[in-house]
Amino acid sequence: MTQVERQAWDVVVIGAGGAGLRAAIEAREQGMRCAVICKSLFGKAHTVMAEGGIAASMGNVNERDNWQVHFRDTMRGGKFLNHWRMAELHAQEAPDRVWELETWGALFDRTPEGKISQRNFGGHEYPRLAHVGDRTGLELIRTLQQKIVSLQQEDKAATGDYESRLKVFQECTVTRIVKDGDRVAGVFGYERESGRFFAIEAPAVVLATGGIGKSFKVTSNSWEYTGDGHALALLAGAPLINMEFVQFHPTGMVWPPSVKGILVTESVRGDGGVLRNSEGKRFMFDYIPDVFKEKYAQSEGEADRWYEDPDHNRRPPELLPRDEVARAINAEVKAGRGSPHGGVFLDVSTRMPAEVIKRRLPSMHHQFKELADVDITAEPMEVGPTCHYVMGGVDVDPDTAAATGVPGLFAAGEVAGGMHGSNRLGGNSLSDLLVFGRRAGLHAARYAQQTATSGTRPVPDETQLDLAAAEALRPFSAEAGEPDESAGPAGPPENPYTLHQELQQSMNDLVGIIRRAGEMEEALHRLASLRVRARRAGVEGHRQFNPGWHLAIDLRNMLLVSECVARAALERTESRGGHTRDDCPEMDRDWRRLNLVCRLSDPSGGLAAPDNGHGQIRLERREMPPIRPDLLNLFEKDELVKYLTDEELTQ
Amino acid sequence: MSAYEAHFRVWRGDQDGGGLKDFHVEVNDGEVVLDIVHRLQATQAPDLAVRWNCKAGKCGSCSAEVNGRPRLLCMTRMSVFDRAETITITPLRAFPVVRDLVTDVSFNYTKAREVPSFVPPEGVGPGEYRMWQEDVGRSQEFRKCIECFLCQDTCHVVRDFEENKEAFAGPRFLMRVAELDMHPLDAAAETGLDRKRTAQEEHGLGYCNITKCCTEVCPEQIKITDNALIPLKERAVDRKYDPLVWLGNKIRRRGQ
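Protein sequence lines correspond, in order, to chains A and B.
Each residue of the first sequence is one higher than the one before, counting from 1 in the UniProt record's numbering.
Each residue of the second sequence is one higher than the one before, counting from 1 in the UniProt record's numbering.
Any given hint could be a false lead.
In silico EDC-like pairs for lysine to aspartate or glutamate, Cα to Cα no more than 20 Å straight-line [to be verified]:
| # | chain 1 | residue 1 | chain 2 | residue 2 |
| --- | --- | --- | --- | --- |
| 1 | A | K217 | B | D29 |
| 2 | A | K115 | B | E141 |
| 3 | A | K156 | B | E122 |
| 4 | A | K358 | B | D29 |
| 5 | B | K111 | A | D630 |
| 6 | B | K165 | B | E202 |
| 7 | A | K260 | B | D29 |
| 8 | B | K111 | A | E355 |
| 9 | A | K260 | B | E134 |
| 10 | B | K144 | A | E355 |
| 11 | B | K111 | A | E370 |
| 12 | B | K223 | A | E163 |
| 13 | A | K115 | B | E134 |
| 14 | A | K369 | B | D29 |
| 15 | A | K115 | B | D135 |
| 16 | A | K295 | A | E279 |
| 17 | B | K144 | A | E370 |
| 18 | A | K115 | B | E216 |
| 19 | A | K115 | B | E122 |
| 20 | B | K223 | A | D182 |
| 21 | A | K369 | B | E216 |
| 22 | A | K358 | B | E141 |
| 23 | A | K156 | B | E166 |
| 24 | B | K111 | A | E171 |
| 25 | A | K156 | B | E202 |
Not the full set, but computed from the structure, chain B residues with beta-carbon under 7 Å of chain A [said to hold, decoys possible]:
| # | residue |
| --- | --- |
| 26 | D35 |
| 27 | R99 |
| 28 | Y129 |
Keep in mind that the hints were calculated from the coordinates and are not lab data.
As the structure is a computational prediction, the values presented were derived from the model and not from experiment.
Where a beta carbon is used, it is the ideal one built from N, C-alpha and C, also for glycine.
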């Protein structure tokens, strides 16, 4: 068999963002030995990019807030496609997860009473987001990182070794989950620095790899977001759900071109920023959809009064859920009322004093000054939609975060599906990471404990390890021009960077914010041809820190998840949340009850896919479980009729 | 503004050695140095190694030296250079090279583990923490740190004297000590841990002679020297003799 370094741990967590670190802390505190594997350096995860805050109904600023209100807002934001049990657990447990961070050293901004301050955000009825200026994600990741270090210090005191019970394998990529029969038995991967392969045997694996944004051209996501966990789950035999729902954040930078897509935090609007078109009009008043008519201000006067007197005025429409705002901006630009660089104007400069802007939005001030020569205290920003988040992900059990059908596999955070339905509210991501990261860590630890107690620890299949090594090495043989019967028709080696750019352009143009059947069919065609070419992706040089090789390997994952997005989006003939069809513009109550489930066509986990027109993904429709009556009773009937079918309402 | 061709010199090699390689590469409106490195990867040097993540100055991954100055590649705009200028990119000098622009920064992770963690106050449960903005503000400034390690790279205590690495935590982790020391609810003292004393005795605070190089390179504009290191020195002074603080006090008294 291939010579690879072998280790054995109880729980392996893939990903060291908020969900991964929270899972690792929990698994270690449950007494399990836990390994964390991450592509970047420890502490650099994409979670640092989260700016606005963590949603948790602590009621520090408005005491009327509670978990029921948070649950309602989350379901509305997701247009009732959310798995209600996940939304319930999330709303109930978020405050405890935030308070716990303080006991690990986090320093949130404070209210005058010395409690954690909470800010307004799109779709949240009350000020709910715990924050630290506009760098909340950094505070979260640093706090979890420092908690891990503190546990390692305890372990050092107890065993003489910092890494005896909790170890971070940084700058490593996992390319395959290996199994023992149906069960998870460990992971296979490589060290980015040296290119050396390794295998970790473990009965429980937690996926916490984040999202898929790097399949799109204009995105707020970093290079890491190549859909690794989504693809690993598919390849291991676990299904994905809701992959058609991709969130385009309404406000990304649009100029200069090199920063296009970088996020402009929703806090800008939460704190009073307004959107204007080239005619100077606050256009969002024209885009309040019927389902939200009663909740949002109809005039600028009322909207402005809301900041001071939220009990007697309705919220400004700039704070509609993200899908609504992104579509509105798209429509304004299309109608010829955009800004010079193809966005719209987001203005705080006329809304609050320069000093307040610098205090409340320091990184935005810095980002625009440094990257665009724009002083946001003196002039408006230009912004437009950017691919930000995928609502779809691994189909999991709401209580345990266990993936469907693969014992020992768990998923939490952005890589898990269901929690956010068709659209995520701002601030619900960081809380999701903590709530379900903890649950995944807890249940992975219990599961691992069980296999130990019962003497049924799985053993990785050696053949799978050999195949994984061969798969990872293929880009080098493509370069050398060696014959490879599985590589499809002959052709010259392909540049992985070129393939990646073509993939991003196709997804952006054809399966982007506004979708049409013909374009998505075209996207599936292009994906098929990219898939053939990607098998010939070749690289130069050797295995030591070789970004071309890393990208060639990541392409497999991006192509898989892109196909899931395109196929599911073509199938769902309605518009809802992060899925907008020009050719099916209405929301359809019958579709609300349905999840689209993506599985690998070849259940063996192979990727040969001889029939490229057919693709690698098989779709099926699955009915959602009915919403529990006590949760339904939290809503007025008038509101429910907009989402639920008559049949569901009479049950 | 229009596209032009720039002359770059990029260090390529590994622990066994290497050298500067010349590249001529296209530059467009509004681009940053990291964009150019990416263009080199995509068109001329697919195996050119560089760390990066957020490309927005928030993660602190793409640290390197541009024309000899420690900087984030993603926050260094091409417009700050003259078009005719040759731009030289080299890896962080204070850390061992892994490959090309990637260095082994494990020194920093080792030092991070040597600083005792936050000690939660006894008898104060989750949700019961009460702190005031003016009190948390001081530590919050230090928590803006994105761990790019530019301060660690530029500090001449380690930049020029490899042998000091053993005893010296560097500005980033001395600042971490200051952050915990100023945390309104840290209960280290109750457990017998004197953070000020450890700064001096265990983390090498005495090596710092407040040249403020760390503050100058900080992309987050944290006043590391003024707000973290000097207060730590002043707090340490009644516990331990530090010639610089002694001198500082002398000078200040003379002016009175």
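We went through each hint and held it up to the structure:
A C-alpha spacing of about 18 Å is found between A/K217 and B/D29, which places the hinted pair at or below 20 Å, so the restraint holds. A threshold of 20 Å between alpha carbons decides the hint, and for A/K115 with B/E141 the separation of about 19 Å falls inside it, so the pair holds. Of the pairs offered as hints, the one joining A/K156 and B/E122 is violated, with about 23 Å between alpha carbons and a cut-off of 20 Å exceeded. Between A/K358 and B/D29 the alpha-carbon distance is near 27 Å, which puts this suggested pair outside the 20 Å criterion.
Of the supplied pair hints, the one linking B/K111 and A/D630 is violated, its CA atoms being roughly 52 Å apart against a limit of 20 Å. For a cut-off of 20 Å, the pair hint linking B/K165 to B/E202 stands: about 12 Å separates their Cα positions. With a C-alpha separation of about 12 Å, the suggested pairing of A/K260 with B/D29 holds against the 20 Å cut-off. With a C-alpha separation of about 36 Å, the suggested pair B/K111 and A/E355 falls outside the 20 Å cut-off, and the hint is violated.
For the hint linking A/K260 to B/E134, the alpha-carbon distance of about 36 Å lies beyond 20 Å, and the restraint is violated. Taken as a hint, the B/K144 and A/E355 pair is honoured in the structure, with Cα atoms around 19 Å apart against an allowance of 20 Å. Straight-line distance between C-alpha atoms of B/K111 and A/E370 comes to about 31 Å, which puts the hinted pair past the 20 Å bound. Distance check on the hinted pair: B/K223 and A/E163 sit about 33 Å apart at the alpha-carbon level, beyond 20 Å; violated.
In summary, the hint linking A/K115 to B/E134 is supported, as the alpha carbons are separated by about 13 Å, within the 20 Å threshold. About 16 Å separates the Cα atoms of A/K369 and B/D29, which keeps this hinted pair within 20 Å; it holds. For the hint pairing A/K115 with B/D135, the CA-to-CA distance comes to about 13 Å; that is within 20 Å, so the pair holds. The suggested pairing of A/K295 with A/E279 is violated, with an alpha-carbon distance near 26 Å, which exceeds 20 Å.
Distance restraint check for B/K144 and A/E370: the Cα-Cα separation of roughly 17 Å lies within the 20 Å cut-off, and the hinted pair is therefore satisfied. A hinted pair counts as satisfied when its Cα atoms are at most 20 Å apart, and A/K115 with B/E216 does not qualify at roughly 34 Å. At most 20 Å may separate the alpha-carbon atoms for a hinted pair to count; A/K115 and B/E122 meet this at roughly 18 Å. In summary, the hint linking B/K223 to A/D182 is not supported, as the alpha carbons are separated by about 55 Å, beyond the 20 Å threshold.
Taken as a hint, the A/K369 and B/E216 pair is honoured in the structure, with Cα atoms around 18 Å apart against an allowance of 20 Å. Restraint check for A/K358 and B/E141: the C-alpha separation of about 14 Å stays at or below 20 Å, so the hint holds. Proximity of A/K156 to B/E166 is assessed by CA-CA distance (about 19 Å); at most 20 Å being required, the pair is judged to hold. A hinted pair counts as satisfied when its Cα atoms are at most 20 Å apart, and B/K111 with A/E171 qualifies at roughly 19 Å.
A hinted pair counts as satisfied when its Cα atoms are at most 20 Å apart, and A/K156 with B/E202 qualifies at roughly 17 Å. With a cut of 7 Å, the hint placing B/D35 at the interface with chain A holds, because the nearest CB-to-CB distance is about 5 Å. This hint holds: B/R99 has a C-beta 4 Å from the nearest C-beta of chain A, less than the 7 Å allowed. Satisfaction of the interface hint for B/Y129 is found here, the shortest Cβ-Cβ separation to chain A being roughly 5 Å, below the 7 Å cut-off.
Hints 3, 4, 5, 8, 9, 11, 12, 16, 18, 20 from the list above are not met by this structure, while the remaining hints are.
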